[in-house]
Each structure stands twice: as C-alpha cells, then as structure tokens.
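**Q** Residue numbers (the working numbering), protein chains in the order written: chain A, 1 to 248; chain B, 1001 to 1233.
No wet-lab data here; the hints were simulated from the structure. No false leads were mixed into what you were given.
Mimicking DSS-like on lysine-lysine, the simulated pairs with C-alpha atoms at most 27 Å apart in a straight line are:
| no. | chain 1 | residue 1 | chain 2 | residue 2 |
| --- | --- | --- | --- | --- |
| 1 | B | LYS1014 | A | LYS103 |
| 2 | A | LYS103 | A | LYS30 |
| 3 | A | LYS30 | B | LYS1125 |
| 4 | B | LYS1227 | B | LYS1014 |
| 5 | A | LYS103 | B | LYS1125 |
| 6 | B | LYS1227 | B | LYS1005 |
| 7 | B | LYS1215 | B | LYS1005 |
Footprint (simulated), chain B over chain A, 3 or more residues, beta carbon under 8 Å:
| no. | region |
| --- | --- |
| 8 | 41-49 |
| 9 | 114-123 |
Ideal Cβ placement from N, Cα and C applies to all residues, glycine included.
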Amino acid sequence: MMDKKTATIDSRPETMNRPSSIVHRPSFVKATLAIVQKDLSAEFRSFELISAMLVFSLLVIIIFNFALELDVKVRQSVTSGVLWATFAFAGTLGLNRSMSVEKDRGCMDGLLLAPVDRSVIYFGKAISNLIFMLIVEAIVLPVYSLLYNVNLFRLDLLGVILLGSIGYAAVGTLLSTMSAQTRTREVLLPILLFPVAMPVLLASVKASGGLLAGVELSEVLMPINLLIVYDVIFIAIAFMVFDFVVEE
Amino acid sequence: MIEVKKLVKRFGLKTILRGLEFSVAPGEFVALLGPNGAGKTTFLRILATLSRPSLGNVMVAGYNLPHQAAQVRAKLGVVSHMPLLYPDLTAEENLRFYGRMYGIGNMEERITEVLEMVGLENRRKDLVRTFSRGMQQRLAIGRAVIHDPEVMLFDEPYTGLDQDASEMLDDVLRTVAAEGRTVVMTSHDLARAEELATRFDILSRGVITASATQKELKKTNLLSFYKQALADS
Chain A
1 MMDKKTATID SRPETMNRPS SIVHRPSFVK ATLAIVQKDL SAEFRSFELI SAMLVFSLLV
61 IIIFNFALEL DVKVRQSVTS GVLWATFAFA GTLGLNRSMS VEKDRGCMDG LLLAPVDRSV
121 IYFGKAISNL IFMLIVEAIV LPVYSLLYNV NLFRLDLLGV ILLGSIGYAA VGTLLSTMSA
181 QTRTREVLLP ILLFPVAMPV LLASVKASGG LLAGVELSEV LMPINLLIVY DVIFIAIAFM
241 VFDFVVEE
Chain B
1001 MIEVKKLVKR FGLKTILRGL EFSVAPGEFV ALLGPNGAGK TTFLRILATL SRPSLGNVMV
1061 AGYNLPHQAA QVRAKLGVVS HMPLLYPDLT AEENLRFYGR MYGIGNMEER ITEVLEMVGL
1121 ENRRKDLVRT FSRGMQQRLA IGRAVIHDPE VMLFDEPYTG LDQDASEMLD DVLRTVAAEG
1181 RTVVMTSHDL ARAEELATRF DILSRGVITA SATQKELKKT NLLSFYKQAL ADS
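Isolated chain B (complex conformation) (with noise of 0.2 Å):
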C-alpha cells in the first residue's frame, strides 16, 4: 500500500531523510518510533503530500507522489497533534466541509456514523472552540475518515491528551484500524504504541535502522527494541 525506495528530502543545506526505504502491507498498522528531529514528521508530511520529495520514490495506495498527489489525497486520512478543525463551526459544520471538500454523497448519513464512530454524536450541534482537547481530537479522527480513506496517517495523536482522553482515542484508533485499514503512526508513547501496531519501524538519522512485528518482540519488548535499536544506529 506504501513504497517508499531511497529517499531523500533536504531543506536547505540540512539533510532530514537520507535515502529512507520503507514499504506497508494492505492492512498493517506500523508504528514509526524516533527520537526527536530523527525526521518522522517530515517523512509523514511526504507522504501526505504535504511536502516534496527532494530525491526518490514515493507510492501511496497505488500513485506515485508527487505526480499523482490528488489522487493520493482521495485515500488519505490524515491525523497530527493539531486538530485541523474551525473553532467557530459546530462539530457538523467542520465534517459537512470537509465532506464537500471530498465530494461525499450521502452527507448526513455519513457525518450521522461518523459521529458515532467518534462518539460525539450528542455534541453534533456545539461549536468546536467548546470542545476538550480530547473531543478535538475525536473529532478530527472523525474528519479524517470522513471520506472512508484506505491509508492513515497519524502523526503524534496522543500529544496533550491526558490518560482518559488517550484511552478514548486507543478504542477510536483500533475501530478506525479495524475497519481495513492501513494505519502509519508516529508516536513517542511506547506502551499505546506497542499495543496498537502490528510492526514497529525505528526512524533515526533520517532512515529506518530496526523493524519489527508484533511477533518477532514476543521474545522482548518494545522499549528494548528501541533503545537498542537506537545504540546501534
């Protein structure tokens, strides 16, 4: 679902990816570990098509970035620790937008199951600027998969969100994995990391320098796994 073969992406005189390979399975649920300023955000911000691959090549769900970028768009569902939702719109009016962005039939049925989804249905009506950063972050889940998308990619959900906000989110993120889909994730939280992904790719220097599946750390954890993997490197 996800190719990326030798790339590199400079700003500048400064390097941040230095040739990073990295493929995902139709259906996987990879956790992309790293130090900060290891590049996870800007490798991410790639794939979103948010940025420009200096060199390389990029496939998401079939299309090549950057020529391809709109379609890529179609099958993306993007989550970062901003939630990318107006303050002064209800919860409806934002996924209503974002659903005419995406050109989604069925509209209010749609934004009805996804609320659900998210569990904000009782808050559908309330401005967002009234909402805990827990329900914002719900809600922009709820934006993200407005539009059924094939491949997500969050990128540090967890930020601000304290423990009861983040176990709401755990059981938003497994529906949302549930449901098919394939799931990229950057987070610096091991245990919800460990507890999600089925692989555990470890991001350093601007390339991936360990991974793992979720069976192959049966023998260790993942906490081990990282830090080794970031000795060695």
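In isolation and in its complexed conformation, chain A is listed as follows (with noise of 0.2 Å):
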C-alpha cells in the first residue's frame, strides 16, 4: 500500500491537460526519507534542537549527582528512574522545538501542500524526531555512566531504551502536533504528553530497573512485551488520526 507510485490515468476533460510531466507522485518511503534528511540536514546545520535537549539532559544528572548523594546501591536502583525522567524532559524539548520549526514559518502548510498521504508527514517528523532522542541518549548515556559509576552499556538495556523512545516518539510527534496550533504550545504539550504516555515511561522504567538489578530477562519480559505492544499501537493510532489531526 504505502509504495504505490502514482502513474494515474488523467480521467479530466483534455483541455485541462496542460502539457506537463516533470511530476511523478513520490512514493511514501521516498517523501517520509526527505522529511528526515531535511530535518537532520537543518538540525545539524544550527545543532539548535540537539543542544538545547544536550544541555538539559546533562545538567539534570549533573544535578541528581550532587542533590541526591547516593551510594552504590541506592544508584543501581534510582538509575532507571533518573534516566527515563531526563529523556522524558528532554525529549518533550525537542518535541515542542521540532514542530514549532514547521508552524512558525508557514512550513507546515508547504508540507500538507505535497501530493503525498499526510501520514507522511507524521512518520517523517516522528523518525526525525527519534534520531534526535537517540543521538542525545548516545551522549548522555557515557556521561551517566561516569558519574554514577554503573555500567549502561548492555544489550538488552540499549534495547530497551530503543523501544522506549520510539513509543515516547511516536505518540509525542502526534501531540506536538496538535499542541503547535495553539498558542500556548510550550505548556500544553507536557501537559498533554505525560499523561498518554505514561504507559510508555512506566514500562520502560520497570524494564530498565529489573535489567540493571540483574534479574532474569524473562522476570522482565511482562514490561518489554507492554512497550512493545504500547509502540505498535501508538503508531497506528497516529497513522490513523493524523489526517484529522492537521485537518482545518
């Protein structure tokens, strides 16, 4: 469905064909990847998004470190909770800036202009925005790890944190959009963001807590499957509603 090319029969009368053939209608893969390369292509030229969440996520472990005093026990087991608390922030950061890049310039219209389905536009913004999380996460992850002493680096903890940031991703995406046509956007997408997805963060933290303990990874399993169940669903929604989401 989603890779259909447009070589439509022109069924209108002949004298609206005005001879012209330079357009092919873009596939979906094909228009979603433009979204991204032009968003990483304008993020990586003003690092504006990336450093205001950079700064944030660091300065709020930073913090962690010297209010709580923690032992090496008491670290193990507050890690999942500060972690996922900084991504949520920072992440939330990132939302707002992303899309409000897109309302404040009249780009978004130019986006819902383009012969493509407007889901495009969704799965565009949301992956643009998961690399942002992720690339975040790349740095404040070694940092952590430094500062508390414990090591972040497993497998399964990276899975864990990847399934996490598409779900918070892909309902974010969703509700930035909706909170950037109002005018007061900056709070409305917390308070819109961390109730729907609630779920997302409580299973990423139980997860993530349970690896870090050294349980089994089948003791774990009920919150893995949860996220990933959450993330599915999440994206269908958005696929689903989009179209009304962005709809005057």
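Put the complex together from the two separate chains, hints included.
**A** Here you go:
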C-alpha cells in the first residue's frame, strides 16, 4: 500500500491537460525520507534542538548526582528513574522545537500542500524526533555511566531504551502537532503528553530497573512486551488520526 | 479550471463564506479583491486543499475537493505572505526538498531552471535566513512552481515588500502567468492587481459581489470599480 507509484490515468477533460510531465507522485518511503533528511540537514547546521536537549539532560543528571549523594546500591536502584525522567523532559523540549520550526514560518502548510498521504508527514517528523532523542541518549549514557559509576552499555538495556524512545517519539509527534496549533504550545505539550505517554514511561522504567538490578530477562519480559504493544498501538493510532489532527 | 458552486465555510457558529460562486477559465489571471475579513484567505485555503468546505461544490483542475485533494495538490502551486521555506537550508536545498516531495524527475536541471527564473541562481548555495524579504518571496515562488503547476494561488504576495522587491515580484508573476498557468491572486494593492490581472472579482461578506474583465474596466479604473462594488454590497 505504501509504495504505490502514481502512474494514474488522467481522467479529466482534455482542455485541462497542460503539457507538464515533470511530476511523478513520490512513493511513501521516498517522501518520508525527504522529510527526515531535511530535518537532519537543518539541525546539523544549526544544532538548536540537539544542543538544547543535551544541555538540559546533562544538567539534570549532574544535579541529581549532587543532590542525592547516592551510595552504590542506591545509585543502581534510582538509575532507571533518573534516566527516563531526563529523557522524557529533554524529549519534550525537542518535540516542541521540532514542530514549532514547521509552524512558525508556515512550513507545515508547505508540507500539507505536497501531493502525498499526510501520514508521510507524521512518519517523517516522528523518525526525525526519534533520531534526535537517540543522539542525545547516546551522549548522555556514557556521561551518566561515568558520574554514577554504573555500566549502562548492555545490549538488553539499550534495546529497552530504543523501544521506550520509539513509543515516546510516536505519541509525542502526534501530540506536538496538535499543540503546535495553539498559542500555549510550550505549556500544553507536557500537559497532554505525560499522561498519555505514562504507560511507555512506566514500562521503560520497570524494564530498565529490572535489567540494571541483574534479574533474569524472563522476569522483565512483561514490561518489554508491554512496551512493544504500546509502540505498535501508538504508531497505528497516529497513522489513523494524523489526517484529522492537521485538518482545518 | 476552477469551478466553485454555493460554497459555504463555517468556523463554529461564524459563517465566513456564504454560498460563494466563482469560476476561472484556463490561462486566466484573476485578482480577488476585498476588505479585511471578507473571506479571501479562507477561500484560497479551501482552493489550496488546506481547509475543507462546510458545504458546496469545489472543482480545481478537473478534480473534486475535498475527495481528490491529493490530485489537486499535484496541479497546484501556492504562495502566501509566509515564504514556507526553511531558514537553515540553502535555496537549492529548499527547492530540492520540495522537489522530492513532488517526485520531480531531472531535479538538478529543474532547480537551476527555477532559480534562473526567480533571479537567484547566484545565491543558490546561501542559507535562506540570510535572504532579504524580497528574495525569500521570490524563492517562495520558485518553490511553488518547482513542479510546474497548472494553477497558481497567491495570497497577498506583496505583504512586507519594498518598492524594488515588489517590482521584481511583478516580473516573476508575469513570467509565471505567461507560461499559460491559471492564476488567482488576493491583494490589497489595486495598482499592481490592475496591471497584472485579466479579471477582477470583489469578495465582500463571503460572496463575490462584482466582477469585471480588464476590457470592461477600460471605461473606468479599478479603484472606482472596487469602491462602487463595496458600496453596493
């Protein structure tokens, strides 16, 4: 369904057919990648979004490090909570910024005018947001490991962080598109996002905490499965409702 | 090329367009004039598929709205007072992005062609945020014609432009229209509209209250026609 090319037959009256054949409606994947590439190019030139997320994240983990004066045991038990609180708040900063770039200069209209399925815009923006979150997480994790003396570079834990980030970016992109159309978007997004993303955050904290405590993988399968289910549900819902969210 | 019958648009309890009737023949350049709040932008957003009609029938380039919106969008170029460009991308990167969204073949050739048309070929590698308002607006027209649309919609394209930039935009608009495109433009600049358009429609209180072609206007001028139309409505 997604890769259908347009080779559609022009059924209009002949007088309407101006001799122009430079347009071939792009495939779903190509249009999505165009949005992702555009976002990455703009961000790697300005670093406005990533630097804001990164500075915020580093400040949070440093403040926790000084404020809690943790011993080794406590450090391990609070790691998952501190990490996911940091990722969630930093993610909100990024989501807000990513959508306001589109809204402020009318670029959202430019995207909506393209002859593609509107869910292309959702997937393009969600993938960009996910990449920005993963970049910030990739820098925060080693810093956290150093400050808290906890080894976070384990495949199973990285897998959980990836699943949690996918869910957060999926629901966050949808809600930031809604909030971007309001005057109070900076305030509105966290108010809308945190209750809705709570299942993803809770499952992520539970799964990460379990893995860091050294329990068997089978014992944290429940939250991991929940994460996978939430990711699929959020992506499916966003795919179905995005058209209505951007409609005027 | 554009056929609108009994168009109604409501936002909640407020009715903006009240049974509007409008049609444009292929190749025509129509200036849509009217006071602030008359519904010009709302009407253009419906033609541009950015807003849904509440009631009525809208056909653009032979396709029905809102059901065939994607087909309409492929035939449509839209320029508003906002440039719809990304400031952290260069001129050619912006055009390449929109070109990819429209699935254009021979991309580099087309980008060069469009940049030459809007007189920005020497600034192709410059970031859009370094452009003046006039240059941004010319690039916005380049963005809107990148896919060689049949119908062009201009919503107050002269907003915020100085005299020189407006004259440059005139030339670009003439080039766009000379290529056989159908053009609908809203504007408050009656002198510019009078020079460019082949027909003038006055939109007031959600309906077209008067219409005249350039030939019909020879006996009077656009300003008198505009004032008379508003007084009669």
